[in-house]
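Student: When you get a sec, could you build the whole thing from the sequences and use the hints?
There are 2 protein chains.
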Amino acid sequence: MKAVSRNPDYRYRVEVCLVPSQFPLYAEDMGIVVVIDVLRATSAMVAAFDRGVERIIPVATVDEARAYIGRPGYIAAAERNGEVVEGFDFGNSPLAFMQEDLSGKTIVMSTTNGTKAIDLARNARKLVIGSFLNLSALCDWLSEQDDNILLLCSGWRDKFNLEDSIFAGAVMDRLLELDKFGVEEDSSIAAQYLFWSARDNFMSLLKAAPRRKRLEQLKLQDDVKFCLTPDQSRVIPELRDGVLMPMEAPSLVK
Amino acid sequence: MKAVSRNPDYRYRVEVCLVPSQFPLYAEDMGIVVVIDVLRATSAMVAAFDRGVERIIPVATVDEARAYIGRPGYIAAAERNGEVVEGFDFGNSPLAFMQEDLSGKTIVMSTTNGTKAIDLARNARKLVIGSFLNLSALCDWLSEQDDNILLLCSGWRDKFNLEDSIFAGAVMDRLLELDKFGVEEDSSIAAQYLFWSARDNFMSLLKAAPRRKRLEQLKLQDDVKFCLTPDQSRVIPELRDGVLMPMEAPSLVK
Numbered sequence: 001m002k003a004v005s006r007n008p009d010y011r012y013r014v015e016v017c018l019v020p021s022q023f024p025l026y027a028e029d030m031g032i033v034v035v036i037d038v039l040r041a042t043s044a045m046v047a048a049f050d051r052g053v054e055r056i057i058p059v060a061t062v063d064e065a066r067a068y069i070g071r072p073g074y075i076a077a078a079e080r081n082g083e084v085v086e087g088f089d090f091g092n093s094p095l096a097f098m099q100e101d102l103s104g105k106t107i108v109m110s111t112t113n114g115t116k117a118i119d120l121a122r123n124a125r126k127l128v129i130g131s132f133l134n135l136s137a138l139c140d141w142l143s144e145q146d147d148n149i150l151l152l153c154s155g156w157r158d159k160f161n162l163e164d165s166i167f168a169g170a171v172m173d174r175l176l177e178l179d180k181f182g183v184e185e186d187s188s189i190a191a192q193y194l195f196w197s198a199r200d201n202f203m204s205l206l207k208a209a210p211r212r213k214r215l216e217q218l219k220l221q222d223d224v225k226f227c228l229t230p231d232q233s234r235v236i237p238e239l240r241d242g243v244l245m246p247m248e249a250p251s252l253v254k
Numbered sequence: 255m256k257a258v259s260r261n262p263d264y265r266y267r268v269e270v271c272l273v274p275s276q277f278p279l280y281a282e283d284m285g286i287v288v289v290i291d292v293l294r295a296t297s298a299m300v301a302a303f304d305r306g307v308e309r310i311i312p313v314a315t316v317d318e319a320r321a322y323i324g325r326p327g328y329i330a331a332a333e334r335n336g337e338v339v340e341g342f343d344f345g346n347s348p349l350a351f352m353q354e355d356l357s358g359k360t361i362v363m364s365t366t367n368g369t370k371a372i373d374l375a376r377n378a379r380k381l382v383i384g385s386f387l388n389l390s391a392l393c394d395w396l397s398e399q400d401d402n403i404l405l406l407c408s409g410w411r412d413k414f415n416l417e418d419s420i421f422a423g424a425v426m427d428r429l430l431e432l433d434k435f436g437v438e439e440d441s442s443i444a445a446q447y448l449f450w451s452a453r454d455n456f457m458s459l460l461k462a463a464p465r466r467k468r469l470e471q472l473k474l475q476d477d478v479k480f481c482l483t484p485d486q487s488r489v490i491p492e493l494r495d496g497v498l499m500p501m502e503a504p505s506l507v508k
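Top line first, the protein sequences correspond to chains F and G.
Read left to right, the first sequence gives residues 1 to 254 (our numbering).
Read left to right, the second sequence gives residues 255 to 508 (our numbering).
Since the hints were made in silico from the structure, they are not lab data.
Only a predicted model underlies this, so the values are computations on that prediction, with no experimental measurement involved.
A virtual CB, placed ideally from N, CA and C, is assigned to each residue, including glycine.
There's no promise every hint is true.
Covered by chain G, according to a simulated footprint, are these stretches of chain F (three or more residues, beta-carbon under 8 Å) [claimed, not checked]:
#1 17–26
#2 160–168
#3 189–201
Derived Cβ-Cβ restraints for the label pairs, each shown as a range [unchecked claim]:
#4 Gly87/F <-> Arg453/G: 48 to 54 Å
#5 Arg379/G <-> Asp140/F: 48 to 54 Å
#6 Lys434/G <-> Glu248/F: 55 to 61 Å
#7 Ala321/G <-> Asp9/F: 43 to 49 Å
#8 Ser458/G <-> Gly31/F: 31 to 37 Å
#9 Thr315/G <-> Arg157/F: 30 to 36 Å
#10 Pro484/G <-> Arg199/F: 25 to 31 Å
#11 Leu472/G <-> Asp89/F: 55 to 61 Å
#12 Arg122/F <-> Thr315/G: 32 to 38 Å
#13 Gln217/F <-> Val497/G: 43 to 49 Å
#14 Pro230/F <-> Ser458/G: 53 to 59 Å
List time: in silico SDA-like cross-link candidates among lysine to any residue, alpha-carbon distance up to 20 Å [unchecked claim]:
#15 Lys105/F <-> Gly73/F
#16 Lys159/F <-> Leu279/G
#17 Lys159/F <-> Ser275/G
#18 Lys473/G <-> Arg334/G
#19 Lys159/F <-> Ala350/G
#20 Lys413/G <-> Pro24/F
Tutor: Right, dumping it as structure tokens:
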């Protein structure tokens with residue numbers, strides 16, 4: 001068993017919270033929270049900003065999103081159980097957001113897991129959005145920060161899921177190369193081991209996952225493949241006063 | 255990434271609940287619950303029965319255990335934060351239970367994590383106790399059952415821990431060799447991957463774990479080594495009317 005780098009003289013912690021309901025147990029002293037919902041909310045957010053969307057307003061309920069249907073300049077998006085909610089044109093599919101010209105628009109989005117996790121962590125000093133799409137940009141930016149970092153997996157209906165945990169492990173793996181970051185929690189070590197098990201083929205993790213069947217039934221294979229392809233964007237969405245905006249940072253020049 | 259055996263035609267599920275607070279999300283339709291607290295409550299229980307203890311009464315609070323101090327035929331045991339609670343002669347150390355002749359005695363035990371998990375799952379049709387000490391005996395018995403099985407990790411103050419999850423993965427690994435068992439949850443797959451990462455050296459997992467520092471400070475290395483040594487006993491404790499007793503089953507003859 002390869003040992004996780006401990007960096008005994010670290011100054012800041014990088015930890016993983018495997019499910020949203022455990023967030024209060026891990027949140028203390030964590031200045032930066034990275035919200036992760038690989039399939040598909042946070043992937044869709046990164047893709048949408050990459051295509052010129054100006055703002056995303058994450059909302060917890062479908063009704064809040066519904067109020068924006070048909071409003072000029074706004075795109076209302078709602079997903080529950082992997083499907084677009086009736087009455088909406090968009091759910092949480094990143095590919096759907098890329099098929100239209102959304103330049104300058106505001107998306108109001110409610111999803112089963114991702115937007116709930118954002119709501120939970122909204123009081124963090126800094127809340128940013130992570131997905132395989134912006135993996136390297138995110139890690140580059142995190143590497144420059146002098147603060148504790150919590151990687152918050154959105155899970156599936158508050159259950160553990162593989163793709164969010166493996167993504168968290170990928171981020172851990174990069175950050176622990178730096179002496180300034182260290183780890184204290186078993187959950188963080190587990191995420192790294194899961195990433196090592198999956199690193200050679202992100203798609204294979206879903207072959208192992210029973211949830212694949214559900215995704216196949218919903219004909220989402222293209223979306224899934226897209227969401228598991230790293231480094232398609234340099235955008236890091238960050239939450240400011242309840243609204244997600246692309247971060248402006250020197251390291252994020254395309 | 256080696257794929258987890260799916261056994262598409264399975265009749266019963268084997269699943270892993272990684273932390274006690276998630277138990278309600280996984281408990282439905284689970285006839286058999288295996289409570290796991292490798293360091294150290296469930297290891298101590300198996301060791302105590304192996305040395306002739308007649309009954310163990312798990313209690314949730316220290317005060318409930320305290321009422322039995324000095325009572326003839328009873329051993330009161332209480333552990334909090336890895337240490338024996340003041341006023342008690344025993345905590346959750348399996349080696350301590352083995353240093354005395356406890357034949358025919360009743361232990362009343364309260365621990366930080368393990369006895370709370372037992373309390374949580376007490377209404378299961380069948381509740382049994384698992385640890386590396388009785389790994390093969392447990393798997394032999396589980397293999398013969400025709401029911402869904404939930405492996406409930408006690409964790410550490412409701413946080414995920416490596417040793418319970420890896421033990422759960424070890425059980426998954428054995429049971430999924432049988433066509434009759436299958437898996438639906440990502441948590442169960444993760445446990446199996448963690449077991450594969452650790453299987454060559456159970457001790458190494460704790461070398462990776464920051465909690466090792468705490469265990470070293472408490473001078474518990476001997477206990478830890480003992481708790482991670484598989485197949486020292488054929489005893490399977492089971493809960494009957496709130497009391498743990500050694501199960502009597504044909505496969506458990508020593």
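Student: Tell me, in ascending order, the numbers of any earlier hints that this structure violates.
Tutor: 14, 19
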